[in-house]
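So you can see what is in the structure, the chains are spelled out below.
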Amino acid sequence: MSGFRLADGGRIDRRTKRNFTFDGKAQWGYAGDSLASALLAQGQMLFGRSFKYHRPRGILGAGVEEPNALVTVDRGPGRITPNLRAPSVALHDGLTATSQNRFPTLKTDLIAVNNVFSAFFPAGFYNKTFMWPRAAWEKVYEPIIRRLAGLGDSPTTRDPDHYDATYAHCETLVVGAGPAGIAAALEAAAGGGRVILIDEQEEIGGGALSDPAQWPWLEEASAKLAAMDNVTVLPRTTAIGHYHQNFVVAAERLTDHLSVDEAEGAREKLWRIRAGEVVLAMGAIERPLVFEGNDVPGVMLASAAKTFALRYGVAVGRKLVVMAVHDSGWRDALALHKAGVNIAAIVDMRRDVASELIEGARAARIACYQGYAVTGVSGGQAVKGVTIALAGVGKGQKIDCDAVLMAGGWTPTVHLWSHAKGSLRWDEAWGAFVPDKTHEDLRCVGACGGAWDYGKGLSGGLLPAPKPLHDSKAFVDFQNDVKARDIGLAVQEGFRSIEHIKRYTTNGMATDQGKTSNLNGLQIASGVLHRPVTEIGLTTFRPPYTPQSFGAILGHHKEALFQPLRKSVIDDWAAAQGAVYENVAQWRRARYFPQGSEDMDAAVARECRTVRSAVGVFDASTLGKIEVVGPDAAEFLNRMYTNPWKSLEPGRCRYGLLLGEHGFIIDDGVSARLAPDRFHLTTTTGGAARVLNMMEDYLQTEWSDLDVWLTSTTEQWAVIAVQGPKARRVIEPLVEGIDLSPEAFPHMSVREGKICGVDTRLFRVSFTGELGFEVNVPAEHGRAVWEAIWAEGQKHGAVAYGTETMHVLRAEKGFIIVGQDTDGTVTPDDAGLGWAVGKKKPDFVGKRSLARPDIVAPGRKQLVGLLTDDPQAVLEEGAQIVADPNQPVPMTMIGHVTSSYHSATLGRSIAMALVAGGRDRMGETLHIPMPDRTISAKVVAPMFYDAEGSRLNG
Amino acid sequence: MVEIAEIAVSAAELKLGTEPVQGAGVRLSHAGPRSRYSLRARDAKVLAEVVGRTLPGKIGDQAEGVICLGPDEWYAILAEDTVLPRGEGLPVSVTDVSSRALGLVLEGPAALAVLSSGCPLDLANMGVGRATRTVFETVEIVVWREAEDRWHVEVWRSFATWLWNAFLAAMPGAHG
Amino acid sequence: MILIHCPYCEEARPEVEFAYGGEAHIARPVDPSTYSDEQWEEFLYIRNNPRGRHHERWRHTHGCGRFFNAVRDTVTDVFETTYKAGEARK
Amino acid sequence: MKRFSGFNLIGEAFRSHQGWPEHWPDKAPKASYDAIIVGAGGHGLGAAYYLAKKYGITNVAVIEKGWLGGGNTGRNTTIIRSNYLYDESAHLYDHAVKLWDGLSQDLNYNIMYSKRGVLMLAHNVHDVQSFKRHIHANRLNGVDNEWLTPEECKAYCPPIDISPRTRHPVLGGALQRRGGTARHDSVAWGYARAASALGVDIIQNCAVTGIRRGADGAIEGVETERGFIASRRVGVSAAGSTSLVMKMAGLDFPLESYPLQALVSEPVKPIFPCVVMSNTVHAYMSQSDKGELVIGAGTDQYTSYSQRGAFHIVEHTLAAICEIFPIFTRMRMLRTWGGIVDVTPDRSPILGKTPVKGLYVNCGWGTGGFKATPGAGDLLAYTMAHDEPHKINAPYNLDRFRNGRLIDEAAAAAVAH
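Heads up: the protein sequence lines correspond to chains A, B, C and D, in order.
1249 is the number of the first residue of the first sequence in my numbering; add one for each residue after it.
3 is the number of the first residue of the second sequence in my numbering; add one for each residue after it.
2 is the number of the first residue of the third sequence in my numbering; add one for each residue after it.
753 is the number of the first residue of the fourth sequence in my numbering; add one for each residue after it.
This is chain A alone, in the form it adopts within the complex (with noise of 0.2 Å):
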């Protein structure tokens, strides 16, 4: 049928239909319809299907307070959004919406069955059984709960959409743009500032577009905003929150509302919105009444039929019963008269009710029942009629209707104002909490501030019944499915406040965030425990005000640009090269060069062997650098590292070792110093940043009185290392102004000069063992620098290596990976690192921990170096070590792989550990059990080729 729709009114587009399918059945509808209204013009009673009972469902509510018009929209291949209000969803051409937790069909849900015996799921019922037997509840009872429970079905695929963000200031926003936030905006735009008004929806305008008197004003009124250059309006926005210093979050619809060929660009864009002033405009909700049958399709709220009929032109039935106890209800029935709605009658718990108001409903003929409640409502999916009784208890009468309107009061939305931290205030007049007081500059105008008349009425949505609260059948929380009796059953079974009766009987937990139920349970609640409401106390709201996408809230945080990935300026020709990468850090750096089919192992193997028979060049330009400059340099490297500093020859290098205050490594490189005031330090890749801080920290807070800066030059060089007993020879050709010969340019040194024509700082230094400098020139001439020194090495027999022959290679020489081979919990001397501990220095940081009980006390984790017995085997890093393989588990285990590498150079595996007391076991034989095997090593020094250091000089 299609007899819904109202002759004229509406903001409409009748000339204008559209085109939608909903469960796969082709509708119409017009411009300006919601999805709701144009169903309802149909016809459409059933909507959803309730989330624990499986009830039919209709329309409750015509905005974001509808629990139970959820709705699936399908705009085609991931691009599946479940969960939408249909009152909120904008019609356009083709749009494609199902309805959701129902199986198989709306019409006929089978699990309806759960609906007979809901007398067996109370509140907390699943508290209460499901333990038997024990294994039952994972393997039986949770599994069918969680597939009946849920709504609609999650997305499965990537989501093609993308997504805006931007930050904006203003001198005051104003959320929410019916008359008041209207009003307010014009009048802050007077004021010259710039104002920002958003509004959740299709159009500006709130309660006024639902009262064809105002449009004229309203037209006027957008027209006069949108002439002002300081005001941005913004419908199709909902701010979800509000937070510190009226920093409010918006979330912006740009194209869901359209169809899917006219959609181009973002989807949604979130709003981070900085202001002066924030004005809250955002109206108030009518509440439901409680009552037998409350939630039979067909029952609503008076003010959304009233919407329906005025901003879309439909009908909700041919014939209504309001259910009142606010005058609301009967100015809104007079408001559906006058468009030509059938109003059969209005009954109202009230006796009192003013005379205006009857005299105006008997003009328009309509029945009025004082001092009545509406005590049940026939019909399963749709409305048939209602049964009305003297003060809810009286002898039962029928009125036949398609249609129940409801008027329970009004509750002020004053979720942004609670987001603030705002106090609320509880106003019996409204029956509501209205807002009192907040330190943020922040006001509430209009209904959400408690100033509105719409008439009086009484508070408290429990209707009152011949039948006890636990045989009602009265639904609060609609959506959930949680009753009356529920709330009656909480509060006997012991919850008292309404923070605990929430959440026992889940009532305001479902999607609308009980935008229509708090209240009423609050004052069932109060009601049955004979306290004051004030004393159950409120839920508190949180953000978001209303549900919203995961992918506004990313904004541009999405693949590419989810987070920066940092390369170096040689990166390029490694990936030329087909090198493999891992990530360290912000950082992506080069692993290995595999050739042909090489695999790791072998990559790696190869790289070794050139290395240390010939040459290789390395990136090493992620390394951390600081400039330390000033006259008190050297004194502040001094307190900040272990060793000393002071005694440093410009020209010469030094390993530094960086202990946090609480004794234990964070840091380590090699640092040079260039002038007497000048040092060049380096730091881990990862450890850049820390470490910078917490120097930047000592100086600025501790040694305030040092002249000495820091400037961070990570990126300000490009680092090659060139490593082997031919490196002297491949960079001699390239290098200006610097006597590379042993005597003059010895290990450990530093010299300016050039290289290819440019600046360049050399280091001859060495963490493989070889001969070797880091060539450091500035990153803009790093690539070619680079392919210079790598023409030249091809000369000599030169590889690439990457980070995993770098490992190995140091772990020949027992170098440590800050990070690996230690773990935040080792000293220097753990790390057989004492000889980098100045003696004689009276402090460095760090140095008062190290002389804690705990850290002086014997048998801690020391570094060692382990050979298996079996020297193929290549130990798992991170396996753990016993001394006993036969022990029963749980097992004393007394250290840890830290370092585990096969050794191409010895031909052998070789591996790094930290071992209690490791030191003392020089010789022993150690156990690493395996799963399937236990694998013995011997103990050794962490040293495993070239002890004595000769190859550096080569």
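Some hints could be false.
Calculated pairs, DSBU-like style, for lysine-lysine (alpha carbon to alpha carbon, straight line, at most 35 Å) [to be verified]:
{"#": "1", "chain 1": "A", "residue 1": "Lys2095", "chain 2": "D", "residue 2": "Lys1109"}
{"#": "2", "chain 1": "D", "residue 1": "Lys1042", "chain 2": "A", "residue 2": "Lys1632"}
{"#": "3", "chain 1": "A", "residue 1": "Lys1715", "chain 2": "D", "residue 2": "Lys1042"}
{"#": "4", "chain 1": "D", "residue 1": "Lys1105", "chain 2": "A", "residue 2": "Lys1387"}
{"#": "5", "chain 1": "D", "residue 1": "Lys779", "chain 2": "D", "residue 2": "Lys1105"}
{"#": "6", "chain 1": "A", "residue 1": "Lys1387", "chain 2": "A", "residue 2": "Lys1472"}
{"#": "7", "chain 1": "D", "residue 1": "Lys806", "chain 2": "D", "residue 2": "Lys867"}
{"#": "8", "chain 1": "D", "residue 1": "Lys754", "chain 2": "A", "residue 2": "Lys1715"}
Because the hints were derived from the structure by calculation, they are not lab data.
Given chain A's structure and the hints, the job is docking chains B, C and D onto it.
Positioned in the frame of chain A, the structure of chains B, C and D alone reads:
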């Protein structure tokens, strides 16, 4: 049945553009090579003498490419190949960081909106000629308002690719 | 995202430019070696953690780079004041 | 206490469930108790239950300033696991996991412990080394934890994107099959109901205002909004408020309280079968029985008691979630909330005696307290009953901050070079 399509472009595949990109009301381009120095000193006068330039006195001020970033810190964006003396032995720090950063330029009426897509500052209220260190989402940048509609953005070299593409994502018309 | 008034920049700036630095006015001893284990534990680990007025350090990392001190109410997160490092406790 | 069972549930259905008594009677404080627990979260209620059930001390009061279970117990993401590295941690959390198993039956209250598995994703070589270390240590400690290849991770949890082209490719994962989730509120309610059935008084809306110590310095009782309550044994299990309570006893603690946020999506049909955690991208997620995706965010950087966090934390968390699980960008955030987590310098708890005789403490659980609930309760009870820590919680003393014997799990997963 979950089926996750491959992403079109990965973080590793992002490219740093070389040519200017024109979007609706905004143009993104490279500022080109510059000499850059980090200048530090307790006493601005001593430093000013060393580098032979006037140093703006207030944080956020800028004079001839020298920006006051902090009470003892200035950042100089100078013509390519400008060399400043190190002032060795003096209580100052003059450090060449020419290669550390790249300069990107956003210009046009929509430039402010592009920058505001990820920068939390109220840039509309930032005076022409002023500059500051801040962030674009999680990435540190230095923003210098060279003219009403022209913004010079300094970013560390390895973050430039991400920033370039983040700007593109916020540029109407230039959207990938 | 809280706004923090930087006493060096002399303007309120967004939290993401700052790094929190823990409780303020915990001076590192000039000569830690004179500290007993108990004193050293107190310096390293014991924190006031009040509900209400909290003296704390912040660093304007992505701004002027300076560490400074602040007094903030830990219940409302509202700043009472911020002041330069080295100034007396407020 | 009326027994909970399917049989009684059906029986009650025929009398409209009017026969169910209060879970726990709301008691007024007596003049004195043999033991007082300050804080009626899962840990505190658990301690009261085990004091009465295992250690024969039934004259016990649990004092709560608000409503029981209203703190972190009701605000966490309900993850249960025990695959910790160090022996001390593995033993502590595995003690808890053993108690989780069968807790529903012990309490006659279905707390919905669901062993659906906790999968921790490794995204770089350092993660792999660190996870393997955990797995080996767990195996030798008798704690289940196994290595999964990326394909096995995908098979176990299909929404994971294991493409090598993501910003943080999945290189594998560590799976603890016994890990999972439980219903947080039910845990508090179940303990409260079972404890009060054993004679424990649960006193809500009764803030502690002072701690009274005798001339010898020993505990004599607690001052409360409802008067003085005497006891020579007081156990403080007050999470974020522990510093404040300890100050009343004249003790300064190595604790700081930070805001921790979490959020849930709208409910959908089952799509996410387990718990997945990723430390590298900072995200963890599971799906509740109700169908909501339950997502943990990070802590804010500053200390606070506001139970309110910054929005950019949520931005980063959801970006991370959608990076690993790209099918969820159109899912919608339904509710966010904040808790106050008390963090120690080594991010491990303090559980045992204090320098004050008769004063015991259980705090510093940081973001990991829920999983330990039964264990922490039992061990606090044991320590109070014997005036001696159990060998499992002995290492979790205050001395470690003086002598340096820290239990630093986070440091052990130190960031790589």
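Any hints this thing doesn't respect? Which numbers, in order? Of the numbered hints, 4 and 6 do not hold.
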